[in-house]
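My request is simple: use the sequences and hints to build the entire structure.
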Amino acid sequence: MKKPKFITEFEDIPAPRAKMPELPLDERKLNFTEVELGLAREAALAEASRCLSCRRCIGCGLCLAECDPDAIVYDMEASSSKATFDAVVAAPGAEPYNPAANPALGYSESANIVTTLELERMLNPTGPYGGLPIRPGDGTFPSRVAFVQCVGSRDEGIGAAFCSSSCCTQALEQAASLGDALGTVSVTFFHREMRPLGRRGEELLRYAEENDDIDFVFAGVTGASGVDCEGPVIVKYDTGDGDREREFDLVVLSVGQRAPGSTRRLARSIGGKQNKFGYVATTPLAPTATGEDANPVAGTVARPMDVGGAVAAGSAAASQVLNGLDGAVESDPSGAESGVESGAESGDGSPVDDGPAVVALCKYGLTTAGLDVSRVSHAIGESSGAPWVITFPTACVTPTVRELGRLADERRASRLLIVGCYPETHSGFWRAKAAARIDRPLAVEIIGGGDGADAESVARAAGEWLAGGSPERCTDDARVVENRTLVVGAGVSGLSAAAELARRGVPVTLVEAGTELAPRLRGAAIADPDAAEALAALVERVEAEPAIEIATGSTVASVERTAHGFESVLTGSSGETRVTHGALVLAAEATDYDASAIKGASPDSVITQRELTERLRGGAADLSSVVMIQCVGSRTPEHPYCSRNCCAEALANLHRILGENPETEVTVLHKGIRVWGFDEEMFSDAIDAGVRFVRVADTPAISDGASPEVTAVDAETGDAIRLAPDLVVLSTGVVAAEENAAVAGALGVDVDGDGFLRAADEAVAPVRSRCDGSGPCERQCEGVFICGSAAWPASIEDCVTQAQAAAGKASLHIFTKGPR
Amino acid sequence: MSKGSKKTETVANGDAVAVPDDVGRSVLVVGSDAAGLTAALDLADAGARVTLVEEAPFLGGAFKRHARFPGSGMPAFCRATEVIHRATRHPRIDVMAGTSVSRLRKSDGGFDAAFRTEATRVTDACNECGACVEVCPIKPYDVFNEGLTLRTAIDWPSTPAHETRPNIERETPACTETCPVHIDIRRYVGLVVEGKFAKALAVVRADNPLPAICGRVCPHPCESACNRGHQDEPVAIDAIKRFVADYEASLRRDGKLEWPPAPKRTRKERVAVVGAGPAGLTVAHDLALMGIGSTIFEAAPVPGGMLWLGIPEYRLPRDIIQDEVDYIANMGVEIHYDTPVGPDLTLDDLRKKGFKAIFLGVGAHSGLKLKVPGEDDFEGFMDAIVLLRKINLGDAEKPGNKVIVIGGGNSAIDAARTALRVGCDEVHIVYRRSRREMPANEWEIDAAIEEGVQISYLAAPVRILGEAGKVVGMECVRMELGKLDASGRRRPVPVEGTEFVIEADIIVPAISQRPDIDFLGDDHGLDISRWDSFEIDTRTGQTNVPDVFAGGDDVTGPATVIEAIAAGHLAAKGIAKYLTD
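One line per chain: the protein sequences are R and S, in this order.
The numbering of the first sequence is my numbering, which starts it at 19 and goes up by one.
The numbering of the second sequence is my numbering, which starts it at -7 and goes up by one.
FYI, nobody ran anything at the bench for these hints, they're computed from the structure.
C-beta: ideal position from N, C-alpha, C; glycine also.
Be a bit skeptical, because a hint or two may be false.
[Claimed, not checked] To give an idea of the chain S side of the interface with chain R (calculated C-beta under 10 Å), a few residues:
1. 21
2. 28
3. 98
4. 102
5. 292
6. 293
7. 506
[Unchecked claim] Once the Cα atoms are required to be at most 25 Å apart in a straight line, the calculated DSS-like pairs of lysine-lysine come out as:
8. 47(R) with 390(S)
9. 254(R) with 475(S)
10. 260(S) with 348(S)
11. 382(S) with 47(R)
12. 47(R) with 363(S)
13. 291(R) with 98(S)
14. 348(S) with 363(S)
[Claimed, not checked] If you want the ones that stay clear, here's a sample from chain R, every Cβ over 10 Å from chain S, calculated:
15. 43
16. 62
17. 161
18. 316
19. 443
20. 570
21. 578
22. 582
23. 698
24. 732
25. 735
26. 773
Written out as structure tokens, the structure reads:
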């Protein structure tokens, strides 16, 4: 942590650090007299008085005197307690890398060199500067901001040969926020390949690439320094042709993640192991469990990930615990009531009487919803004549809540209206806060600024409530639902979801368009033999599970909502089947991009990465040279997204080739190598093994004929490349499965332009489906869950994690409604 | 905090009373970041009874500090508020904030857990009026806001996601937290300001029996953590410690102060301590305070272990070591010099002599091989540990005229500066990386350069050159940071054709050391790691042989004095417990 220099409270204690007196240099020859002479009495006293006593409570008693309810107990002691548990879920979170460990980055020296965590707080409206990103050194607005990526990540020298996976997306998000907050600001990314993760990450990267104010420099940053608080910060970097320097106002270090220091003890306690980077060890098909007893672990303690990944992992881990419990799942309505604050319940918050109302506007909520606060405020005043319309920067912060309580008391108000908050999620919060503050009954209502709302419609809703009406709320009538879940797709996600549901006691109908289970993944796609074996075992388990009905060669012909969930019609070779089910998991895995047009006339010497995986099972043929072409069918105008797994698969395969025949010349033509997490090591190892990585501007061309020739243009030098390898390998991407979109469309679930399903919220509700807005109400997607590459190209770990999470959520949905 | 905790009830003696479940089974969720909160809510919604433990005073971890989650339309804290609120109010979630898991163990198909909950110093009576925050005069950095601003000693960030009461922070300051033996630094520095030097030294001694030694050679991690460093430079804590220790020693030298009386021996058992290094001395010191007698067996003719044999006198005068050893000897500790444990005095012999426990604090005195051609072939090639030991035991004859030291750690610098002092004409340090990576203390490197040591960075030894059986020089190759590779890295690689020769008649590798455990023979039965160090229970210092304990460099590999002292404290407690049980 670093001191912002414009905070002046410490200026009362100046005095520089005492200098240790030393023996003069010329007296040090040929003797062993002590060099450091020790501080004299006065110097020691002066030095000791520099101590800040660390500014913690000194027991002065001032607060005690002010505390009305006598709630302060100075000598309260720490307490210890013991308990026994049936299960433990380990989810200790991650620790950020401390950039002070590398003095060259100047983090400890300059107040204007900050971490992404600090910028996150600065951009937060409840943060230290009210949401304004300013230079901590002098409080001015920066106009030139640099992001330094991979600080403490992808660095073998410090034992972190892994990608922290979440930093690029976070930095891109921050760059966009900086633009929003400051208007004009130029942003430079010093990066070693941007690796955005997920849909939002890619959208942000595209936004940044198209934005003239944001530029990208592929470089190793060798240092950063700021001379004083007012001056600029210099970034030193190397683009491969020598050292350069550039000046910025603010430098942001994108710090990587680390497993927390407590991991070792925790892993031991639960019978788990650690990998070589200190993270808890898991396997691809069991990504949220560790050790022989498969104890659940969740989140960033197992591998670096973003918030959405951690949330899915939390649900997946929770579900596994419930598997292990006998009869813990029961339809206790109190759980549902307290757990899910439903809009239906908040809707009946009709006025207790027609006493005065206090209306609070949340500026932050309204602004993020794209509404002009003063217009909303004005419109409410106009239309309702409400006497007290007050705008707060953020309505729910503690001081504001306190102030609202005071106002309501003072004005003997009986009603409280919060405008610009989220009724679906925050009604419980506000009702509890109101109850804690006010002794009288206080009716609370929240009016949000949802999609498409304008100032007038918000004001109208507010006016109606103030006049005694109740805003329209959607309700979900299905109270008891069929105890069955329909899982669409039997790839790794669908299989994992089905297995998980069956273990939770939910019968499953598993529908797969292909003729067998795991059509894509059973054979080739899993390069890791252990994972392939685990998948085969999963297929066997699903096949043997009596609670799972398998319908291969079938598709969902129609689906509709009923009083008890859904009714679907499956069509297959054996005709039509009708299935009633209480929940639906859309899990049809994305399929391979069809590269047959590119392979042209030489199908033996031009193959796909997946075909190579298969071929390598029989050992690497005697190849003297191989060219791999990345992003075939990905990151193109037709399919603008990254397919997530092709780089990792290519690296795994080339290591297998080099393992058998180290002399093979391997060239990888790429548009930027994107591997996340621990796969990074395969990349650095490949470079060390002499693999040639050439960045190309456009997709390389392949000539027809028995011995194909590959031509491309080196994106950095502009040189033409002409290669005639023994084998050309196309790293083909994936395209969204059609089955998901067909079902989703019938239910009003949002599908993006590429055919992938959208989550309700990719960060905090990653496996709940999102409504496309075609229906009348937000709840139309209830009971529909999504996972794996049905939602977005995903790694095997992510597929399994999300599948287990979706299964957990589907079970919860059925059991809280009450299974029929 | 834990509203209506049905799971546990703490009673005065720390024991818990188990209360049967009313619903479902019980699950402990450790950590309340995004994953932990989600897991807790999913579990509780499904009927399980959840205890959610978070080390920080508030739930949410990094989750609630975000401005925006990637991919979420909602501002992050709006989401976090809602999730944390639900977790806090959930009737089946027991929230334990400010709590660490002090023990977690499998048992009967489940888990036994013990917790420690820090005091908030605010009771349930708090009405969240905020008056305390208004009046608090203390202004520490606001950790929740990454230190970008100040708050008060009342930790109560004004974000909406706070469902917990204010927390008056009286926890350990950063310096004490970082110190391996957790000296109450703030207290003794404060006592120095008041001129109470004796009291200050007593505070130091409570955790560190070697204050004058540490005042000179401790790498003082406390200063790196010192919050004053954010302002300008850290407080010179180590120099203050040295001052109070030297002050007392001067009083004693002048006859103004007597040795304190030896603590009373209350126990009949005696403990054998092998090695009079900082770990062994600490064990003996602590045992004496606990009324347990001990005898130290030291192989060398002098005390201190590496302090005497490895650290040069210009950094640590011998009378300082002797004085602190005398202090411990005066507590009733017997020290036998020139008494190696080995074939003539085995562990079994010690047992036969009636020692009820044995502490092994033999250090790490065996230099590692360089692994370059020629290193075993010529005279004039000697490890830094050997060179320093020879000179530190009084043989001040210069080993040669031109010396090359290989390595970048503190012992490389010690060897180089020592060589200059015994009259070597030219001293070279060859280090394969750049100065930034050099593990030696910054100030030691500066001093070495000032005194005339030449340092070749980014140079690696290729082979040792010799003539007529004697070293004549060393061939080196320049290293440079390689080209930016496809992943944007640069790493040191040898540059072909840049080989050069440094003439020398003495070559001193100072790569690293490992413990030398040959003295134990073959059938000692102790678990040994592949680095030749002892495997111990890290809570007690006990080895797999119940009456044998170990600590210091022979467990950790080469480390610092203060870490050895910490290991000594741990082992002394472990031994005392072992003797009592």
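Each hint tested on the structure:
For residue 21(S), the interface hint holds, since its Cβ comes within 10 Å of a Cβ in chain R; the closest pair sits about 5 Å apart. Satisfaction of the interface hint for residue 28(S) is found here, the shortest Cβ-Cβ separation to chain R being roughly 4 Å, below the 10 Å cut-off. For residue 98(S), the shortest C-beta to C-beta distance to chain R is roughly 7 Å, which falls under 10 Å, so the interface hint holds. Interface restraint check: residue 102(S) against chain R, minimum CB-CB distance 5 Å, threshold 10 Å, status holds.
A least Cβ separation of about 18 Å between residue 292(S) and chain R goes past the 10 Å threshold, and the interface hint is therefore violated. Interface restraint check: residue 293(S) against chain R, minimum CB-CB distance 18 Å, threshold 10 Å, status violated. Against a cut-off of 10 Å between C-beta atoms, the interface hint on residue 506(S) is violated, since the closest Cβ of chain R lies about 20 Å away. The straight-line distance between the Cα atoms of residue 47(R) and residue 390(S) is roughly 13 Å, inside the 25 Å bound, and the hint therefore holds.
Annotation: proposed proximity of residue 254(R) to residue 475(S) holds, straight-line Cα distance about 16 Å (limit 25 Å). For the proposed pair residue 260(S) and residue 348(S), the alpha carbon gap of about 10 Å is at most 25 Å, so the pair holds. Taken as a hint, the residue 382(S) and residue 47(R) pair is honoured in the structure, with Cα atoms around 19 Å apart against an allowance of 25 Å. Our distance criterion of 25 Å between C-alpha atoms is broken by residue 47(R) and residue 363(S), whose separation comes to about 33 Å.
Between residue 291(R) and residue 98(S) the CA atoms are separated by roughly 15 Å; this keeps the pair inside 25 Å, and the hint holds. For the proposed pair residue 348(S) and residue 363(S), the alpha carbon gap of about 43 Å is over 25 Å, so the pair is violated. The Cβ of residue 43(R) sits about 6 Å from the closest Cβ of chain S, inside the 10 Å cut-off, so the non-interface label is violated. For residue 62(R), the requirement that its beta carbon stay farther than 10 Å from each beta carbon of chain S is not met, with the minimum near 4 Å.
The claim that residue 161(R) is not at the interface with chain S holds, since no C-beta of that chain comes within 10 Å of its own (minimum 20 Å). At roughly 4 Å from the closest C-beta of chain S, the C-beta of residue 316(R) falls inside 10 Å, breaking its exclusion from the interface. Non-interface status of residue 443(R) relative to chain S is broken: a Cβ of that chain comes within 10 Å, the nearest being about 4 Å off. At the 10 Å boundary, the C-beta of residue 570(R) stays outside the reach of chain S, the nearest C-beta of that chain being 31 Å off.
Every CB of chain S is more than 10 Å from the CB of residue 578(R) (nearest about 27 Å), matching its label as outside the interface. With a least CB separation of 21 Å from chain S, residue 582(R) remains clear of the 10 Å interface cut-off, as annotated. Against the 10 Å criterion, residue 698(R) falls within the reach of chain S, whose nearest CB is about 8 Å from its own CB. Residue 732(R), annotated as away from the interface, keeps every beta carbon of chain S farther than 10 Å; the closest lies near 12 Å.
The beta carbon of residue 735(R) sits about 14 Å from the closest Cβ of chain S, which is more than 10 Å, so the claim that it is off the interface holds. For residue 773(R), the condition that its CB be more than 10 Å from all CB atoms of chain S holds, with the nearest at approximately 18 Å.
Consistency note: the structure conflicts with the earlier hints numbered 5, 6, 7, 12, 14, 15, 16, 18, 19, 23.
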